[in-house]
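Trainee: Taken in sequence, the protein lines are chains A and X.
Take this note's numbering: the last position of the first sequence gets the number 289, and nothing is skipped along the way.
Take this note's numbering: the last position of the second sequence gets the number 219, and nothing is skipped along the way.
Think of the hints as simulated: they come from the structure by calculation, not from any bench.
One should not assume that every hint holds.
In silico DSSO-like links for lysine-lysine, alpha-carbon gap of 27 Å or less [unchecked claim]: (1) 107/A <-> 83/X; (2) 190/A <-> 3/A; (3) 36/X <-> 167/X; (4) 3/A <-> 21/A; (5) 115/X <-> 167/X; (6) 53/X <-> 107/A; (7) 285/A <-> 53/X; (8) 72/A <-> 132/A; (9) 31/X <-> 219/X; (10) 114/X <-> 176/X; (11) 221/A <-> 84/X; (12) 3/A <-> 176/X; (13) 105/X <-> 212/X; (14) 105/X <-> 168/X; (15) 31/X <-> 115/X; (16) 176/X <-> 31/X; (17) 244/A <-> 3/A; (18) 107/A <-> 212/X.
Chain X regions said to be covered by chain A (calculated; three or more residues, Cβ under 8 Å) [unchecked claim]: (19) 82-88; (20) 106-118; (21) 124-135; (22) 197-207.
Since we're looking at a predicted model, the values are computed, not measured.
Positions of the beta carbon are idealized from the N, C-alpha and C atoms, including for glycine.
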Amino acid sequence: MYKSLAEICETEKRTGLPFWKIVQEDDCTERGVADRDSFEQMRAMYHAMQDADEQYDGSQISASGLVGTEGKKMQQAREAGTTICGNLVAKVMEKALKTGESNACMKRIVAAPTAGSCGVVPAVFLTVQEEKHFSEDKMVEALYVAAGIGGVIASRAFLSGAAGGCQAEIGSASAMAAGGLAYLMGGNAKEIANASALALKNLLGLACDPVAGLVEVPCVKRNVIGAVNALTAADMTMAGIFSKIPPDEVIDAMRSVGRSMNEDIRETGKGGLAGTPTGAEIREKMAHI
Amino acid sequence: MNLLDIIGPVMVGPSSSHTAGAVKIGQVARKLIAEKVMRADIFLHGSFLATGKGHGTDKALVAGLLGMAVDDPHIPYSFEIAKKEGLEFHISGIDLGDVHPNSVKLNLTGISGKKIEVIAASVGGGQIEICEIDGLSASFGGDYPTLIVNHLDVPGRVTAVTSMLSKKGVNIAGMKLYRTVRGGEAVMVVECDQEVPMEAVAWLEGLEGILKVTYLSLK
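Make a model of the complete structure from these sequences and hints.
Mentor: And the structure:
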């Protein structure tokens with residue numbers, strides 16, 4: 001996998017190949033698979049995201065009782081036309097909640113890059129396909145873009161809350177979705193990298209502070225900010241707004257912020273929201289169930 | 001780690017590191033002992049201990065030891081299935097010191113009485129690292145057929161292994177070498193692009209200076 005976004009941008013300049021193809025060729029070499037097989041495997045991931053969204057059950061409640069019905073409520077508000085955000089953004093929010101909830105209820109999802117952040121990429125991708133009618137092949141190409149960005153983040157920093165806080169999970173997912181979306185909007189490698197940088201910058205320092213240690217509160221709702229943040233990063237980029245800090249340096253900053261985070265806010269369920277009086281009370285209650 | 005670990009895997013929630021990664025650790029440990037596991041003593045460390053119950057880490061490890069895949073919908077019911085299949089397991093906490101926060105120690109006994117001790121970590125996104133086998137360092141991810149050779153730190157042991165692999169047409173994807181002290185015990189971890197034939201593994205076991213051979217087959 002590529003160690004820097006700069007390298008992918010240079011490869012685009014040198015070869016004229018699009019970002020997604022550069023990432024795919026690297027994948028084919030790494031795993032020893034043919035282009036077509038790699039593409040169909042990635043398509044299967046897109047289908048699995050669609051399945052998780054379609055199989056959402058608005059009556060499901062997690063074992064702890066902390067999560068459930070949020071996606072259904074958001075859908076009702078969107079359909080009633082009462083949201084400030086409007087149909088597209090409300091749909092992104094709704095889908096992020098749905099997949100996040102299904103994950104908390106031990107249903108099958110696609111980790112992208114992690115299970116805690118599994119709602120971000122599908123919320124953005126499925127919604128823009130439904131609303132803007134991109135072909136499925138184009139969506140699969142955008143998934144390669146997202147995966148390529150995630151790969152660089154994995155190489156330079158980390159993708160787990162335990163290692164780097166929520167910025168490493170929701171932040172990375174948001175960067176991946178933003179890059180994929182910039183590609184769908186016609187962005188080149190530089191614009192894709194910029195969109196991912198803008199998204200990640202906005203979530204630097206985000207603590208991983210799950211109440212009672214469960215991937216429920218605040219994780220499910222943080223998928224919403226990751227997804228909506230990706231929309232804004234792609235829109236800013238395509239409007240010509242660029243990050244003053246180069247994308248690879250933003251990723252390095254995420255790494256150094258993660259390194260300096262106290263263990264209490266790295267998925268231990270001790271600090272942050274988990275450590276509030278209410279969070280502690282829920283934890284106490286859970287211990288006696 | 002490859003691209004389909006970034007977008008993927010398809011898995012049962014709620015946590016890629018604490019659920020899917022734990023299933024994979026169980027799976028790899030089961031392949032390392034290479035026989036049906038009858039008893040498992042599971043020691044959870046750090047974040048695995050602090051939040052494992054809420055993430056189903058305990059159920060996921062047992063599911064992996066039973067051979068389940070990360071997207072198996074039966075993962076939440078692994079304790080009941082273990083009982084039916086005669087796998088006795090005990091789960092407790094441990095402080096393994098300065099290791100990855102998502103670490104676990106597994107002491108396994110197989111159906112023939114064979115024993116193995118594995119320390120592994122779930123390093124994020126469903127990826128794992130096997131850190132120690134039977135007290136010796138052994139850093140690998142379980143994504144390739146892997147040969148783990150415990151041997152004496154004397155000249156020629158690496159050549160013996162690599163020339164055997166070359167004869168069998170097996171390409172080496174990655175290789176690591178560790179030793180406890182100079183001239184003491186050493187361990188060689190060889191990740192391969194192809195499966196190593198079982199008779200070749202058996203041949204290695206009989207070689208002078210080779211103490212033990214463990215083979216992770218992905219078949």
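Trainee: Are the Cα positions of residue 36/X and residue 167/X separated by 27 Å at most?
Mentor: violated, 31 Å
Trainee: With a C-beta cutoff of 8 Å, work out whether three or more residues of the region 124-135 of chain X approach chain A closely enough for the coverage to hold.
Mentor: holds (count 3)
Trainee: Please verify whether residue 72/A and residue 132/A have alpha carbons no more than 27 Å apart.
Mentor: Between residue 72/A and residue 132/A the Cα gap is close to 23 Å, so the pair holds against 27 Å.
Trainee: For a C-alpha distance cap of 27 Å, please report whether residue 107/A and residue 212/X respect it.
Mentor: violated, 41 Å
Trainee: Holds or violated: residue 107/A with residue 83/X, Cα cutoff 27 Å?
Mentor: holds, 23 Å
Trainee: Do the alpha carbons of residue 221/A and residue 84/X lie within 27 Å of each other, as the hint requires?
Mentor: violated, 39 Å
Trainee: Is residue 115/X close enough to residue 167/X, meaning Cα to Cα at most 27 Å?
Mentor: violated, 31 Å
Trainee: Tell me if the straight-line CA distance from residue 285/A to residue 53/X falls inside 27 Å.
Mentor: holds, 14 Å
Trainee: Tell me if chain A covers the region 106-118 of chain X under the three-residue, 8 Å CB rule, please?
Mentor: violated (count 0)
Trainee: Take the region 82-88 of chain X, compare each residue's beta carbon with every beta carbon of chain A, and decide whether three or more fall closer than 8 Å.
Mentor: That given contact is violated, which follows from only 0 residues of the region 82-88 of chain X lying within Cβ reach (below 8 Å) of chain A.
Trainee: Hinted pair, alpha-carbon criterion (27 Å max): residue 3/A, residue 21/A. Please report holds or violated.
Mentor: It holds: about 16 Å lies between the C-alpha atoms, which stays within 27 Å.
Trainee: Verify this for me: three or more residues of the region 197-207 of chain X with a beta carbon less than 8 Å from a beta carbon of chain A.
Mentor: violated (count 0)
This entry does not satisfy hints 3, 5, 11, 14, 18, 19, 20 and 22, going by the numbered hints stated previously.
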